[in-house]
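Mind docking chains B, C and D on chain A? Use the hints.
Protein chains: 4
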Amino acid sequence: MTISVAVSGASGYAGGEVLRILAGHPDVTIGAITAHSNAGSRLGELQPHLHGLADRILEDTTVDNLAGHDVVFLALPHGASAEIAARLPAGTVVIDAGADHRLEDPHAWEKFYGSAHAGTWPYGLPELPGQRDALRGATRIAVPGCYPTSALLALTPGFSNHLLEGDDVVIVSASGTSGAGKAAKVNLIGAEVMGSMSPYGVGGGHRHTPEIEQGLSKALNAPVTVSFTPTLAPMSRGILTTATAKVRSGVTAEELRRAWSEAYDDEPFVHLLPEGQWPSTKSVLGSNHTAMQLAFDEHTGRVIVCCAIDNLTKGTAGGAVQSMNIALGLAEDAGLNLQGVAP
Amino acid sequence: MTISVAVSGASGYAGGEVLRILAGHPDVTIGAITAHSNAGSRLGELQPHLHGLADRILEDTTVDNLAGHDVVFLALPHGASAEIAARLPAGTVVIDAGADHRLEDPHAWEKFYGSAHAGTWPYGLPELPGQRDALRGATRIAVPGCYPTSALLALTPGFSNHLLEGDDVVIVSASGTSGAGKAAKVNLIGAEVMGSMSPYGVGGGHRHTPEIEQGLSKALNAPVTVSFTPTLAPMSRGILTTATAKVRSGVTAEELRRAWSEAYDDEPFVHLLPEGQWPSTKSVLGSNHTAMQLAFDEHTGRVIVCCAIDNLTKGTAGGAVQSMNIALGLAEDAGLNLQGVAP
Amino acid sequence: MTISVAVSGASGYAGGEVLRILAGHPDVTIGAITAHSNAGSRLGELQPHLHGLADRILEDTTVDNLAGHDVVFLALPHGASAEIAARLPAGTVVIDAGADHRLEDPHAWEKFYGSAHAGTWPYGLPELPGQRDALRGATRIAVPGCYPTSALLALTPGFSNHLLEGDDVVIVSASGTSGAGKAAKVNLIGAEVMGSMSPYGVGGGHRHTPEIEQGLSKALNAPVTVSFTPTLAPMSRGILTTATAKVRSGVTAEELRRAWSEAYDDEPFVHLLPEGQWPSTKSVLGSNHTAMQLAFDEHTGRVIVCCAIDNLTKGTAGGAVQSMNIALGLAEDAGLNLQGVAP
Amino acid sequence: MTISVAVSGASGYAGGEVLRILAGHPDVTIGAITAHSNAGSRLGELQPHLHGLADRILEDTTVDNLAGHDVVFLALPHGASAEIAARLPAGTVVIDAGADHRLEDPHAWEKFYGSAHAGTWPYGLPELPGQRDALRGATRIAVPGCYPTSALLALTPGFSNHLLEGDDVVIVSASGTSGAGKAAKVNLIGAEVMGSMSPYGVGGGHRHTPEIEQGLSKALNAPVTVSFTPTLAPMSRGILTTATAKVRSGVTAEELRRAWSEAYDDEPFVHLLPEGQWPSTKSVLGSNHTAMQLAFDEHTGRVIVCCAIDNLTKGTAGGAVQSMNIALGLAEDAGLNLQGVAP
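Each protein sequence line maps, in turn, to chains A, B, C and D. Here this note's numbering is used: position 115 in the first sequence is 115, and no number is missing along the way. Here this note's numbering is used: position 339 in the second sequence is 339, and no number is missing along the way. Here this note's numbering is used: position 192 in the third sequence is 192, and no number is missing along the way. Here this note's numbering is used: position 98 in the fourth sequence is 98, and no number is missing along the way.
Since the hints were derived computationally from the structure, they do not count as laboratory data. Think of the CB as a built atom: it goes at the ideal place given N, C-alpha and C, for glycine as much as any other residue. It is possible that part of the hints are untrue.
[What the hints assert, rightly or not] Some chain B residues near chain A, calculated using beta-carbon distances under 7 Å:
#1 R20
#2 S283
#3 G340
Okay, chain A solo, but in the shape it has when bound:
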C-alpha cells in the first residue's frame, strides 16, 4: 500500500523540487499537484524537466484538493501555508516548506515577518541533537530555511559540545539565485546575475537570522548572537556557507574535529570530509547531501566551518522528504538515493 501525497505550489522552485524527488520515491504516489495562478496548466509547460509528470494537470490550491491525501507538502508564500494548514485534518502529515511554523518567539516572527505568529511545528532538521526522535510520528513539520540548514549543520556540534563562545558568530553565505524564487524581477534576470556576486539583507535584516540564532541558542542552551550576511552567486543552485565562531580557551583542534566527527559520522546525508578536502556546491548539486570541512585558526582563535548544500534539495525539498520518511517510519533515504550531479 503506497502513500498518497499532495504537492502545492507546484509551479515554483520548491514545489518542483519536491515533485522531482517524489517522482523517484518507491513508497508514494503523487495524488494532487496544485498551483494558484497556474491551475489548469500541464505540468510539462511549467516544469519541463519533470518528464515523468509532464502530462499531469495542475489543480487549484484549495483545502478540498489537498485534503484526503496522507501527506501534504506546502510550498507557498509565508502566510498562505498557515492559513491552509489550519484547515487540514489533524491526522494528515502536513509538511510546510514555508517559514510560517519555524520560529518559536512570536516577537521575532512579528519583527521579521510583520504578521501574527502561527505557532511552531517540529523542525525538519533530523541531524540536530534529538531532532530525529522529535520527527517520528509527527503530523506537522516545519522545513528549515535553506540558509539555516547550512548554518545549523555547520556549527551545532561546536555549540552542543560547549566548545564555542556564543557571543560572536559570523556567517557569510553564497547562494544560487534559485533561492530568490521563480520571480520575474529585473535584478534577477540572467544578464544581471551572470558573472556577478552581490550581497543583500546585510546588517541583520535577513529573515533567516533569527532562525539561525534560535537553532544555535538551543544547541548551546544559552543565547547566541549571529552576524549573518547572504550573497547571491552566479549559479542556479547551491549554498556555500562560511561560518566562524570563537573557540573556548583550552579547546584543541582535536577536540573540535572529534565533536563534528561524532555528530556526523553515522549520518547518511551529512559528510565531514577527510582532512585537507574542502567542499564545493557542485559536489552536492541535486542531492540531499551536505559536505563540510572545518579548520581551527589558532592565530585568531576561531574555528571556520565551510558547508555546502543544494538550497533546493537538502535546503528545502530533500530535507522535507527526509522528514516525511522519518515521520512515517519509512527508510530515511527512500527517494533520496541521489548522488550529486557533477561536473
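Chains B, C and D alone, transformed into the frame defined by chain A:
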C-alpha cells in the same frame, strides 16, 4: 541475484557518470572500479559528488581486474578500449563508451582516428529503427558519441521516412565543456570559457562527422552528407543541436510532424514536445531524456529540428546503461528514472 | 568645440551601452539623458556600472528634451523611435538603435512588425561595400540589428564577389541573454538561463531574418534566402554566428580566403583571424571589434564562417557610435579604442 | 613626449590586463612586451582580445629587454620579480604586480612564501591615508594583492578613525577564477568551476592574510588580527569582499558613515554608494572602480562592509597604472577612464 558490473576510467567524466547512474540501479552491484594513473586513490577524492561510493578504492585498469564481472563499462581513450575488449571473455557484456567500435567504414576510421580499425559493434542507440532488437542479448555494445546521439535522434525520422533530401544537411551543436573531458588545458579553464562561445573542428574535421553520416545514410538507405559544426558553450553539461535539412518537394508540415511523432511517442526517453514548446538543455540536465521540437520553414524549404540532451547522460553514460538494460533483458529504464535537474 | 549628444532609453541595455562608450568619447559632451518610466531617477541607481555619470538625473523622453542637441541616439521600442524621429529637426543627426528604419520592403516590415512602414534610413554598417560613403554627412542612420551585424559581416564578401550560391544559406547564432533586453520575464531569470542553451524564433519567424536577407541580396544583387535560427546562451553578452552557404562550383579555398581578406584587411574593427585561429565571443567582449574565421568544407561544398561580436557593442551601441563618427567626419574609432575584456 | 613602457609576463592574466589598459593610455607607448616560455609568439595568439596589439611579437623576459624603458611592469611569479628588479636601473620606474615587495615583516614573508625577504617598496594603494604622497616620484612600487586591495579599502576608514576594535576582524571574499591565474589545472577547468562555489586556504593559510593585517595594523597603529577566508565563485573576474569588525562602544552609525564618506567622497575610483544601494562585482567589471556599502548591525555590534572590485583591474593592473600615473605626475585617471562593463 544481482549483476556484477566493473567500471573503468572511473576518474574521468564518462566513468564518473556511469557510476552516478549505477549507484541508483536496483539490479546491479558495482564490483570493480578502475582507473589508470589514479589507481589506489579513494573515489571520494576524485569524484566528490559520488557520496555513496566515496570510500571505494580505485583498482588498476587491467584485464584481470575487469574480467569476472557480468558487465564491463569501458570509458577509456580510443585505442585503449579496443585493446582491452579483445581480451575480455566472449560472454562478458562489454559496453564501450569510447569511439573504437562505432564506425563501420575502416577508411573513415583511419582517416579520422589514424589507427587500425577495431571492427564494429552493435550501436547503443535503441531509438533508431530496429536497433532495440539488435541490442537484445548483445555482449558487445558501442555507445554512440554525444553529438551523434543528438543529431541522429533529431533527423532519423525524416530520413527513414524519405521526407528529406540527403545531400544538404547542416548541423550546428553547442556543447557544455565537459564534452572536452577532464583535461588540464588552458583553453578549458573556467576563466577562459565562462561567458564565452567558441567553435572548433569547423569544416568537417570533427571525428563525429562520419558517425553522423553513417547513421543518417543507414536511415535513408542512401548516402547523406553532413556539414557539422560543434561549438563550446559556457555550461558544464548539455548539448543543444540545431539540425536542418531540405524537405522533399510535396511533403507537408503535417507529414513531417507525424513522422517524428510516430517515431517517438512510445519512447520512454525521447520527447517530441507539444507544438510551440522548444527544448532547453537544462530541462534534461542529469537525466537520460531527450527533448526536441521541429519547424518547417516553407520559405527556405527546410525542416529545423532542435534537440537537447545531456552529453554525459543520454549522450554517454545514460545511453550506455539503457543499452545494458536492453541487452540483459532488464527494465529499460532501470536506474534511469531520473528527472532533469532544474533550475 | 564639442558635440552635444542626447541619449534616450538610458535605463535599458542599448542606451546604457551608448552612454558607456560616449563617457569615454573625446569629442562629445553628453547633454540630455532620457528615459520613460524611470525619468527623474539617478542614473547610478539604474546603471550602477556608469560611475562617471552616476549623479546624472534622467529626463523624460520627449521631443523637447531631445531636440537642440547635435546628435540624438534613440534606443526605444520599435514604433516609438519612428514617432519621435519624425518630429526632430532635419539637421539633427538621429541615430536609431531600434528596428523602425532598417527594412526597405514595406511588406516585409508589416509582416514581421505588424505596423505601418516608417521608411528606410542609411544603414549603419560601414564595412559593407559602399556603405561608409553612404554614411558620410548622413543625418538619419538606422543601426543594424545585432544578429544581422554578425551575419552580414560573416557572409557579404562571399556574395559581393559572387563566390556563393544564394538559394541555400543556413545561419545559426548563439546570443547572450542581454539580447532579450532588460525585461522582467520568468524565462529570462538567472536560475532559468544559467547552464542552459535554448532556441527561439525557429523556422524563419525571427524579425532579423528579412534584414539578413535584405543585406545579402544587395551584396549578391539577386535574391538570397536564409534559414536563420537564433539560440540563447548562458552568458550576458556576445553573439557567435555560424553562417554557411554553398560555394559556387570551381571556386577554390584560396579565392574564398582572398575575398574575405580583401574585404577586411584594412578595416579597423573587423578581423579575419590568422588561419587556424577561431574566434570566441570573449575576445570581443565590451569592444567594437569583430573576430571571424572561415573554412571551406570540400566534402559538402560549403563555406562555414564563424563570426563573434558583442551584441551590445558592435551589434548595437558601438556600431551606432562608429556610424556617428563617420557621419560627422570624426576619427572613425573615436571613443571606440577599447580592447576586448578578457578573461 | 611620451613615456616608454615595458610589460613582462604578457601571456598571463595580470600582464594582459596591464596591456589592455595601456593600449588606451594617452601618455605612454608600449615598448617591450615580454614573456618567458611564450617569447617569439604573436600577442594575438595568446591574448586574442587585445586587437590593437595583436601583431606585436613577445620578446624574452630579460633585463636587457626591459631596461632602457621609462617604466617596467613586472607581472611575474613571486621570486622572479625581485631578482629582475634588483638589476634594473635605479631611475627606472619599476612596478611589481607580484608579491615580492609587499610585506614589511621578513618573518611573515618567510613564513608564507618560504624564501628570503626582498625588502619592501612603496605600496600602490593611493587611497590609504598618506599613501598618495608616498607614491609621488617613487621609482619602485609594490602593487597590492587583489584581496588586500578590497579588504583594506573596505575597513581602513574604520581603523584609521579608531572606530573599530582590532582583535576580531572577519573577512570572507568571493573571487572570480582568474584570480587563480592562467594555469592548466583540472580543478580550474570550466566544467569543474561553472555552477560551483568552493573555499580554499581556509584557517589563515592564504598568503594575503599577513598583507591585510599589515595594512589594517598601520591604519589602527596597533596590531589587528584577521580571520580571512577566500572562496572561488563561478565567474571570470571580480571580488566581492564581506568584511566585518566589532564597533567600539559608543560609536554611532552616523559616525561610521561619516568616516567612510570623508575617506572616499573625493576619491575618483572608490565609491561609497548611496544608502540602501549595495555593490555588485558586475558594476565594476573591467574598470578601476571600487563600489562599497556598509551597515551597522547594532544587534551584534558589528559593522559589515561589502566591497566590490575587479580583481584584475583595481585589484592588479588598474591599481598599477593608477600608481604609475601618480609616480610620474600624470593625471591620476589617465588611461583609466573606463566604466564598468555591464550587463
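Using Cβ atoms only, decide whether S283/B comes closer than 7 Å to chain A, and label the hint accordingly. holds (4 Å)
Does the interface hint hold: is G340/B within less than 7 Å of chain A, judged Cβ to Cβ? holds (3 Å)
With a cut-off of 7 Å, does the beta carbon of R20/B approach a beta carbon of chain A closely enough for the hint to hold? Given a least distance of 5 Å, the restraint on R20/B holds.
Consistency with the previously given hints is maintained throughout, with no hint failing.
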